[in-house]
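**Student:** Line by line, the protein sequences give chains G and F.
Every letter in the first sequence is one number past the one before it in the numbering used here, and letter 443, counting from 1, is 444.
Every letter in the second sequence is one number past the one before it in the numbering used here, and letter 104, counting from 1, is 119.
Hints may contain errors.
Stated by the list, open to error - Once the Cα atoms are required to be at most 27 Å apart in a straight line, the calculated DSSO-like pairs of lysine-lysine come out as:
#1 G/Lys506 to G/Lys151
#2 G/Lys43 to G/Lys182
#3 F/Lys101 to G/Lys43
#4 F/Lys18 to F/Lys46
#5 G/Lys267 to F/Lys17
#6 F/Lys101 to F/Lys117
#7 G/Lys259 to F/Lys117
#8 G/Lys153 to G/Lys373
#9 F/Lys117 to G/Lys373
#10 F/Lys18 to G/Lys182
#11 F/Lys17 to G/Lys182
Unchecked claim - Taking CB as the label site, the calculated pair distances span:
#12 G/Ile291 to F/Gly119: 57 to 63 Å
#13 F/Glu112 to G/Phe174: 53 to 59 Å
#14 F/Leu36 to G/Ile291: 34 to 40 Å
#15 G/Phe174 to F/Leu36: 39 to 45 Å
Hints in this document: simulated from the structure, not taken from any laboratory.
Please read these numbers as outputs of a predicted model, since none were measured by experiment.
Beta carbons: idealized from backbone N, C-alpha and C, even for Gly.
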Amino acid sequence: MRNQNSSLLRALRTLTMTALFTVCLLVTICFAAERFFEIKAKRFVYTPNIIKVNKGDIVNIRLISEDVTHGFFLDGYSLNTSSHPGQEGSLKFTADKTGRFSFRCSVTCGALHPYMMGHLFVLPNSLFMAGAFTILLLGIASLIFALRKKQKDERLKLFGIIPLDLRFPLTKFKPLRTLLKSRWFPFILIMLNLFIFTVILLAGFIGGLSSGSYNFGVMLVWILWWVLLMMFMVPIIGRFWCMMCPFPLIGDWIQRGKLINVGKQKSWGLSKRWPNKWRNLWPLVVLFWISTWFSGFFTVKPFATFVLLGAIILLAIIVAIFFDKRTFCLFVCPVSGFQGLYANFSMIGVRSRDPETCRKHTLKTCVVGSEKGYGCPWMEIPFEMNRNTYCGLCFECFKTCPYDNMDLVLRPFGQDLFVEKRRTDEIYHRRGTDEAFKAITMVGIFLSFFLAFQGPYGHLKDMVTAKTLKGYLGYLGESFLVDFLLIPGSLLIFAYLSKKLSKNKEVKLKDVFVNFSYCLVPVGLAIWAAFSLGIILPNGSYLLHIISDPFAWGWNLFGTANFPWTPVFTYAMYYLQVVVALIGFIFALDFGFKFSLKTYNTIEEAKRGWVPMLIYLIVIHILFLKLFVG
Amino acid sequence: MKKNELAAAALVFLATIGTVLGIFGFENFRKSRLYTVELIARAPDNGNWYPRKITVPFGKKVKILIRNIETVTHGFALPDFNVAVKEIKAGEVVVVEFTPDKKGAFPFMCTVWCSDQHMNMTGEIVVE
Numbered sequence: 002m003r004n005q006n007s008s009l010l011r012a013l014r015t016l017t018m019t020a021l022f023t024v025c026l027l028v029t030i031c032f033a034a035e036r037f038f039e040i041k042a043k044r045f046v047y048t049p050n051i052i053k054v055n056k057g058d059i060v061n062i063r064l065i066s067e068d069v070t071h072g073f074f075l076d077g078y079s080l081n082t083s084s085h086p087g088q089e090g091s092l093k094f095t096a097d098k099t100g101r102f103s104f105r106c107s108v109t110c111g112a113l114h115p116y117m118m119g120h121l122f123v124l125p126n127s128l129f130m131a132g133a134f135t136i137l138l139l140g141i142a143s144l145i146f147a148l149r150k151k152q153k154d155e156r157l158k159l160f161g162i163i164p165l166d167l168r169f170p171l172t173k174f175k176p177l178r179t180l181l182k183s184r185w186f187p188f189i190l191i192m193l194n195l196f197i198f199t200v201i202l203l204a205g206f207i208g209g210l211s212s213g214s215y216n217f218g219v220m221l222v223w224i225l226w227w228v229l230l231m232m233f234m235v236p237i238i239g240r241f242w243c244m245m246c247p248f249p250l251i252g253d254w255i256q257r258g259k260l261i262n263v264g265k266q267k268s269w270g271l272s273k274r275w276p277n278k279w280r281n282l283w284p285l286v287v288l289f290w291i292s293t294w295f296s297g298f299f300t301v302k303p304f305a306t307f308v309l310l311g312a313i314i315l316l317a318i319i320v321a322i323f324f325d326k327r328t329f330c331l332f333v334c335p336v337s338g339f340q341g342l343y344a345n346f347s348m349i350g351v352r353s354r355d356p357e358t359c360r361k362h363t364l365k366t367c368v369v370g371s372e373k374g375y376g377c378p379w380m381e382i383p384f385e386m387n388r389n390t391y392c393g394l395c396f397e398c399f400k401t402c403p404y405d406n407m408d409l410v411l412r413p414f415g416q417d418l419f420v421e422k423r424r425t426d427e428i429y430h431r432r433g434t435d436e437a438f439k440a441i442t443m444v445g446i447f448l449s450f451f452l453a454f455q456g457p458y459g460h461l462k463d464m465v466t467a468k469t470l471k472g473y474l475g476y477l478g479e480s481f482l483v484d485f486l487l488i489p490g491s492l493l494i495f496a497y498l499s500k501k502l503s504k505n506k507e508v509k510l511k512d513v514f515v516n517f518s519y520c521l522v523p524v525g526l527a528i529w530a531a532f533s534l535g536i537i538l539p540n541g542s543y544l545l546h547i548i549s550d551p552f553a554w555g556w557n558l559f560g561t562a563n564f565p566w567t568p569v570f571t572y573a574m575y576y577l578q579v580v581v582a583l584i585g586f587i588f589a590l591d592f593g594f595k596f597s598l599k600t601y602n603t604i605e606e607a608k609r610g611w612v613p614m615l616i617y618l619i620v621i622h623i624l625f626l627k628l629f630v631g
Numbered sequence: 016m017k018k019n020e021l022a023a024a025a026l027v028f029l030a031t032i033g034t035v036l037g038i039f040g041f042e043n044f045r046k047s048r049l050y051t052v053e054l055i056a057r058a059p060d061n062g063n064w065y066p067r068k069i070t071v072p073f074g075k076k077v078k079i080l081i082r083n084i085e086t087v088t089h090g091f092a093l094p095d096f097n098v099a100v101k102e103i104k105a106g107e108v109v110v111v112e113f114t115p116d117k118k119g120a121f122p123f124m125c126t127v128w129c130s131d132q133h134m135n136m137t138g139e140i141v142v143e
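Only chain F is shown next, with the shape it has when bound in the complex (with noise of 0.2 Å):
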């Protein structure tokens, strides 16, 4: 009886605190795995894209993780790099890969219509 009662215990334990532990877990490893640097998207009169400026070194392969937390659609592209996604649905999150292989600064941009100051939705990527 005694069992039961710390078997129970122990199913409530691991279906509530467990899971959210496991989530967080797993998403850390991911990450770890996964991507360099992570890139929120919003329309500029909401905080616009976070950071606006991304730094990443020369000759090596970069992957970025756009997420979009509005309520709208984004797009972005990184025409410099032959990078682009068409659209990125409102909550859905994209990864993009590429190397870069020159020296600068860089202009990404979002490229659906988001908002009146859709326009201004621009950021840069410095490669050093």
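With the rest of the complex left out, here is chain G (with noise of 0.2 Å):
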């Protein structure tokens, strides 16, 4: 009796609660509230720098600035005001959109300006849950997908619908073989690229230690030229700008005695061999990550941007006069290494049509060269590649082979991370740490890019700008723990838990670490396009300025030189870059299985072995998920 009381009473009070709680939400969703927000601006960070409201509260927003002038501009609203010491900005607005929106500041304010933001939270976050939620199913989908499977596939398929050694032979169309035979291609577009970056150079050089965001140096570098490298060349067409860069211009000439025609096959310069131990993507991983050291000063500074591009082009000079060919390319670009390792993943190739015409001839001109063209500046094997780290698209080969067997190939995304090993002495053929640190690390170098200039942290702007060497020593060991020992650590776990899981004793952990890593070469294109998202949207409008008045001496070439700062698509952009992130995610959820099949003898193996890869990219994007929109 005494019990049925009790809960009765029980069952009484949750009824209360929940009737209490109903009432609470319906009054916050009806009766919105009126909100306060005084938001002090210092250069780089607001405080607060987050701030959080319901949807359809009334926010009033006083911006006081406590040392020079500063703007507020808000993402998706498109709001804006301004404020200096002594004057304040207000704005009033009612919050009818949700999610996560930036405020960054409008009015230049020195060299970290455009870093400047905050966070404005219209609960609820509906896009993020709604992510998340993505997420997950796709995850549990796949996994489904996944343990339906019966037996291993003869042919892999994309997506299982399109076969993944598909190529179809661009040159087919004879236009386009006789354009890449002929000498003056490509050194015309690099002739192009050579007078664009004489311009970025003089800019830079003239523009000194002024303001970034209207430096023609700054801008197209690192707007123009970085964004259109993330989210266009590199996942589509692979090492596109190797083909037309002109830093090796110099190089070259001094190695072939000429610019466009062949002269002898042996270099002028000492050609050196590259070490052995050295050949592989590892110089590259370590010079991109100390490279990255820097990025608090060239993306701001114009007279970096000058030092940074006049080192690069004085060490491809020096290279090139004591190494072989394209050793500079090769083995110490900066930007090389991503490129490379990204190329296997886009949609073109450099291939061999035939392989038995290619086995007949025996005086190889691709790799020897000939009286047409040089044998291959990149040192690959061009009769035999079906990878493309290591192939620079400066189209040589198609030059030298008197049979018109080579072929630039369009080929499903992805298909040379699956080639099997050819030769395993060669580095070409050999999927290894080397290009596995380059995948782990661009994730590394994007999370510390993103949190330090698209996030709202002002000590992490101070640390990387080094306004106190303490904090910027903090950044370099942040940035080594995480690129070199927290995301290769908890890759290796998840491996080591996948190869148990299996119960595949023969397997090495290392072939399970490196295979598995080869997930986030989609996942760090999609990653570093959302990003690009957040610098091109909000940023682009500067180009318009820039390319009027290069040199800021009060030019006006196409009568765009007094176009303000105007942020495009702010709101549209959060959507991208979730949408950017996912597409992403299903090309890692869909190589991830292919690699398992490839790693483990069985496909009982494969699919327990999968489970917990399948976890860390769910967990590992939930967190992306969480750095753009959460």
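Using the supplied hints, reconstruct the complex from the two chains, each of which is provided in its own coordinate frame.
**Tutor:** And the structure:
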């Protein structure tokens, strides 16, 4: 009796609580509150940097500047105000769009002005919820597909539809082949870039230590070039940039003694061979990582961009004098590594058409060169090339092949990531820890960059720009920790779990680790593309100014010099970032199970071994989602 | 073949040295027609206006090219001749024009809060 009573009481209490909660919820929804925020702006941080309101709230913002004139532009709502010491700015609006929106400084306030931002949350954050839900759903769906698989496929198919070994020779079109065989191609594109980079260097030098946001060098390199590279070139057309990069031009000239004609094949330089133990991506992994140490300078200071580009050009010449052919591009250029790795994902590649023709052709002119062209400057073996990592698309092999047996092929994404090892002794055909760490560090560098340059945290910006030595060392330490310990460590743990769960005793842990690390190729491409969206959409309008007035001399070449800073599509941007990240995730899911099948002997092992990696991918993608919109 | 090589070398020359010479040539030509005085805008703790004192002749149209070579936004006002620029963003250049119709020394100043010393960012135009 007593027992019954108490349970009744408990039920009643629960009911009351639920009713109360519902009423509270209804009140918040129906009677939106009026909220007041006092935001202090100081170079380069807002305090508070994160504010939260509910949907429907009327938001009042007072902007108080504590040092110089600052602005406040709210993404998604496209509202703008500004304040200088002694005069407040104010905004009043109804928070009718949910999600996370950045507010950014809209009055150039110093070197790091483009990175000064904070976050406004309009709750509930439905975009984040929907994104996280989609990630889970996709993960579960992919698991179901994987578990239902009865046997290994004869032919790998992208998403189970497009055969991964598909190739369409673009050079079937005669005009394209004629173009690629001409000695003027890609020379003419290199000339165009030589001109553009001359202007960039000059603008960087003249711009000195002024603000980067109105400098031709800084904007063209770090907004246009980087964004084009990460969003379009690398994922679709691979090392397309390497094809038209002007930096090795002088080195080539010194080595060949000719600019465009074919002289003798022997180099005029010292032609030393790059040491064997460094003939892989490791030097590029380390060099790119080191160059990110200075990202807080060369993305904001024109002169720093000048110094960086100048150093790369000088280095290219010095390396060309001492070493073989394109040793610089292969093993020294900092941006070559990720282009090479990611080019394996891209849709184009240079491949020989008929292996039989190549086999019969005993004088391998694509390797040793002929009077029509040079032996592969990238020291590849064009006639049996099956991966893109070390192919710079210079098209010399098209010129040297007497049988027109080279093709520029269009193929499905990620083909090269699955090719079988042909010769393990040859680096060009190898999957290895060097490429694995390239994929890993690219994710780590993305994390550092995103938090510092697109996050609301002022102290991180102080750290990357070396405001104090201690802070700067902290940034370097953090970067090392994340790139070389945390991400590889976590991946190694999940690789270990995968191996354990698969119950396969023979497979080496290293192989499991390396194979699964290639999942990070589409992931890395996607998050960098999403990162680039966060640069180009808010800040792309600077480009209109700088093309009209490249040297800040008051020119107005195209009549756009006075075009004001105008962020575009800032509402759609967050949706686009989520979509792009999800596309990367879908590729990673599809590739991941295929890597599992490659790694383990039987399909049952592969299914069990896939589960930990699937969990890993879900976790990191929810983390990325949190960075972008959560 | 020899011709190709020469053409290529000419292109390289054009794209590098030619570009630089062309840019400076154009700028010098433009400068010679455009303005009489160049004024550099910097916050007081970073060098202040340069030059701080500009001497101009009476009755002749004056063009001042104001260059903000810093990382913060500045403004420009010359109240006595009704000349003002609300905002000169970092890296931007503006040209102001006026005809001095009175003699004497007239102050000009920055109108955007650019540093703690903003109030000291002033200069003088002397009309003789």
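**Student:** A separate judgement is required for each hint: does it hold in the structure or not?
**Tutor:** Do the hints match the structure? See the list:
For the proposed pair lysine 506 of chain G and lysine 151 of chain G, the alpha carbon gap of about 22 Å is at most 27 Å, so the pair holds. The hinted pair formed by lysine 43 of chain G and lysine 182 of chain G fails the criterion: a straight-line CA distance of about 58 Å is larger than 27 Å. Between lysine 101 of chain F and lysine 43 of chain G the CA atoms are separated by roughly 21 Å; this keeps the pair inside 27 Å, and the hint holds. For the hint pairing lysine 18 of chain F with lysine 46 of chain F, the CA-to-CA distance comes to about 38 Å; that exceeds 27 Å, so the pair is violated.
Under the criterion of a C-alpha separation no larger than 27 Å, the hint pairing lysine 267 of chain G with lysine 17 of chain F is consistent with the structure, at around 20 Å. About 24 Å separates the Cα atoms of lysine 101 of chain F and lysine 117 of chain F, which keeps this hinted pair within 27 Å; it holds. Of the pairs offered as hints, the one joining lysine 259 of chain G and lysine 117 of chain F is violated, with about 66 Å between alpha carbons and a cut-off of 27 Å exceeded. The suggested pairing of lysine 153 of chain G with lysine 373 of chain G is violated, with an alpha-carbon distance near 46 Å, which exceeds 27 Å.
A distance of roughly 75 Å separates the Cα atoms of lysine 117 of chain F and lysine 373 of chain G; the hinted pair therefore is violated under the 27 Å criterion. With a C-alpha separation of about 19 Å, the suggested pairing of lysine 18 of chain F with lysine 182 of chain G holds against the 27 Å cut-off. Between lysine 17 of chain F and lysine 182 of chain G, the direct Cα distance comes to roughly 19 Å. Compliance with the 27 Å bound is thereby established for this hinted pair. A hinted range of 57 to 63 Å for the beta carbons of isoleucine 291 of chain G and glycine 119 of chain F is consistent with their spacing of about 59 Å.
Checked against the hint of 53 to 59 Å, the pair glutamate 112 of chain F and phenylalanine 174 of chain G passes, with Cβ atoms roughly 57 Å apart. With their beta carbons about 36 Å apart, leucine 36 of chain F and isoleucine 291 of chain G fall inside the hinted range of 34 to 40 Å. Hint check: phenylalanine 174 of chain G to leucine 36 of chain F, Cβ distance near 40 Å, so the stated range 39 to 45 Å holds.
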